[in-house]
Amino acid sequence: MNQSLRFLIVILPILVLGFFAKVLLVDDDIKFTNFESKSFPLFELKDLNGDPVNARSLDGIKIVNVWASWCITCLVEHPFLTKLAEENIQIIGLNYKDSDFKANGWLQRHGNPYLFSIYDPRGDLAFDLGVTGAPESYLLVNNQVVGHIQGEMNLAKWETIFLPLINKAKQGSL
Amino acid sequence: MTKRYPILCFIFLLSTPVFNQMVYEFEDTMQEKRFYSLISEIRCPKCTSGSIASSDVPVSRDLKNKVYELVIDGSTDTEIKQYVSERFGSFSNYRPALEGLNYFLWFGPFIFLALILAIFFIKRRV
Chain A
290 MNQSLRFLIV
300 ILPILVLGFF
310 AKVLLVDDDI
320 KFTNFESKSF
330 PLFELKDLNG
340 DPVNARSLDG
350 IKIVNVWASW
360 CITCLVEHPF
370 LTKLAEENIQ
380 IIGLNYKDSD
390 FKANGWLQRH
400 GNPYLFSIYD
410 PRGDLAFDLG
420 VTGAPESYLL
430 VNNQVVGHIQ
440 GEMNLAKWET
450 IFLPLINKAK
460 QGSL
Chain B
688 MTKRYPILCF
698 IFLLSTPVFN
708 QMVYEFEDTM
718 QEKRFYSLIS
728 EIRCPKCTSG
738 SIASSDVPVS
748 RDLKNKVYEL
758 VIDGSTDTEI
768 KQYVSERFGS
778 FSNYRPALEG
788 LNYFLWFGPF
798 IFLALILAIF
808 FIKRRV
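So the protein sequences, as listed, match chains A and B. Take the first sequence: its letters are residues 290 to 463, numbered as in this note's numbering. Take the second sequence: its letters are residues 688 to 813, numbered as in this note's numbering.
Simulated from the structure, these hints should not be mistaken for laboratory data. It should be emphasised that the depicted structure is a prediction, and the values quoted were computed from it without experimental measurement. A virtual CB, placed ideally from N, CA and C, is assigned to each residue, including glycine. Just so you know, not all the hints are guaranteed correct.
Stated by the list, open to error - Pair by pair, the computed Cβ-Cβ distance ranges are: (1) Glu-441(A) / Ser-736(B): 33 to 43 Å; (2) Phe-308(A) / Ile-698(B): 47 to 57 Å; (3) Glu-714(B) / Pro-341(A): 13 to 23 Å.
Claimed, not checked - Calculated pairs, DSS-like style, for lysine-lysine (alpha carbon to alpha carbon, straight line, at most 25 Å): (4) Lys-733(B) / Lys-386(A); (5) Lys-386(A) / Lys-753(B); (6) Lys-327(A) / Lys-810(B); (7) Lys-386(A) / Lys-327(A); (8) Lys-335(A) / Lys-311(A); (9) Lys-372(A) / Lys-459(A); (10) Lys-311(A) / Lys-446(A); (11) Lys-753(B) / Lys-327(A); (12) Lys-351(A) / Lys-446(A); (13) Lys-753(B) / Lys-335(A); (14) Lys-733(B) / Lys-446(A); (15) Lys-311(A) / Lys-753(B); (16) Lys-311(A) / Lys-327(A).
Unchecked claim - Taking beta-carbon pairs under 8 Å as the criterion, some of the chain B residues facing chain A (in silico): (17) Pro-732; (18) Lys-733; (19) Gly-737; (20) Val-746; (21) Asp-764; (22) Arg-774; (23) Gly-776; (24) Ser-777; (25) Tyr-781.
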């Protein structure tokens, strides 16, 4: 009895300390891996050219990237998105709380990696999607939102969060 | 001092809260109570731990406005929480619903306590 109680007195605080050290000290970038999958919200919006967006254009495997011309981090992740687009990853922009004039100017200056950009000046679609700010990226498989990255998209996040999901989707096991 | 008084008033007029605060108006105090209790029970999606009531990031402001709209439209508390968690995940609810894995969350500590007490008394008797 005394032996096991002594053992517990030592081991319990160590476990508790270990738990809190992990939570507080280790920077978890992949906390969104257990994202609750949901269907892409219905919307009626135009793209940045003024043409209505066809919901069918979201079929297949698509990345939806939330961006705005006022968003500084969007500029940071822009080269990486451009690289993805060059590798034939299909990215759709969701232009968030922006003006079409400024947004189109931004794309002209920095290049356009998007198939097209949905123009959402009031952030209605973004709200229904659960966007908390720009930039943010969602992975869509046949109109189902299956993955989510908050903040800057980079190689590490791409490889740990989206790529495994894309591979699963391609094998048809998602 | 009396000379400076108008200047002081002018400076206070320029203070940002005067322009920034969104004022919510309600038809009755019941609605108002519900609104304030709801916004203190919905987690700010952008903060590590804080309700949307305590946060002024744009998405919390949008959320508060939406909750206000829904309260005025006559939605029930459950409907509003459902509406928010459909969009921002069940994480957004500060009081997790009693379902599925959450049973463990709600009753886990009591089970744990019972276990420890049981072990304690059994060991003691031996």
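Consistency of the hints with the structure:
1. Glu-441(A) / Ser-736(B): 33 to 43 Å: Violated - the Cβ-Cβ distance for Glu-441(A) and Ser-736(B), about 22 Å, lies outside 33 to 43 Å.
2. Phe-308(A) / Ile-698(B): 47 to 57 Å: holds (51 Å)
3. Glu-714(B) / Pro-341(A): 13 to 23 Å: This hint is violated: roughly 38 Å between Cβ atoms.
4. Lys-733(B) / Lys-386(A): holds (17 Å)
5. Lys-386(A) / Lys-753(B): holds (16 Å)
6. Lys-327(A) / Lys-810(B): violated (50 Å)
7. Lys-386(A) / Lys-327(A): holds (23 Å)
8. Lys-335(A) / Lys-311(A): violated (45 Å)
9. Lys-372(A) / Lys-459(A): holds (21 Å)
10. Lys-311(A) / Lys-446(A): holds (20 Å)
11. Lys-753(B) / Lys-327(A): The given pair, whose Cα atoms are some 20 Å apart, holds under the 25 Å limit.
12. Lys-351(A) / Lys-446(A): holds (16 Å)
13. Lys-753(B) / Lys-335(A): Distance ~23 Å between Lys-753(B) and Lys-335(A) Cα, so the pair holds.
14. Lys-733(B) / Lys-446(A): The given pair, whose Cα atoms are some 19 Å apart, holds under the 25 Å limit.
15. Lys-311(A) / Lys-753(B): violated (36 Å)
16. Lys-311(A) / Lys-327(A): Status violated; Cα separation ~30 Å.
17. Pro-732: Holds, because the Cβ-Cβ distance from Pro-732(B) to chain A comes to roughly 4 Å (cut-off 8 Å).
18. Lys-733: holds (5 Å)
19. Gly-737: With a closest approach of 13 Å, the Gly-737(B) hint is violated.
20. Val-746: holds (5 Å)
21. Asp-764: violated (20 Å)
22. Arg-774: Holds, because the Cβ-Cβ distance from Arg-774(B) to chain A comes to roughly 4 Å (cut-off 8 Å).
23. Gly-776: holds (5 Å)
24. Ser-777: Holds, because the Cβ-Cβ distance from Ser-777(B) to chain A comes to roughly 7 Å (cut-off 8 Å).
25. Tyr-781: Since the shortest Cβ distance to chain A is 16 Å, the answer is violated.
In this structure, the hints that do not hold are numbers 1, 3, 6, 8, 15, 16, 19, 21 and 25, in rising order.
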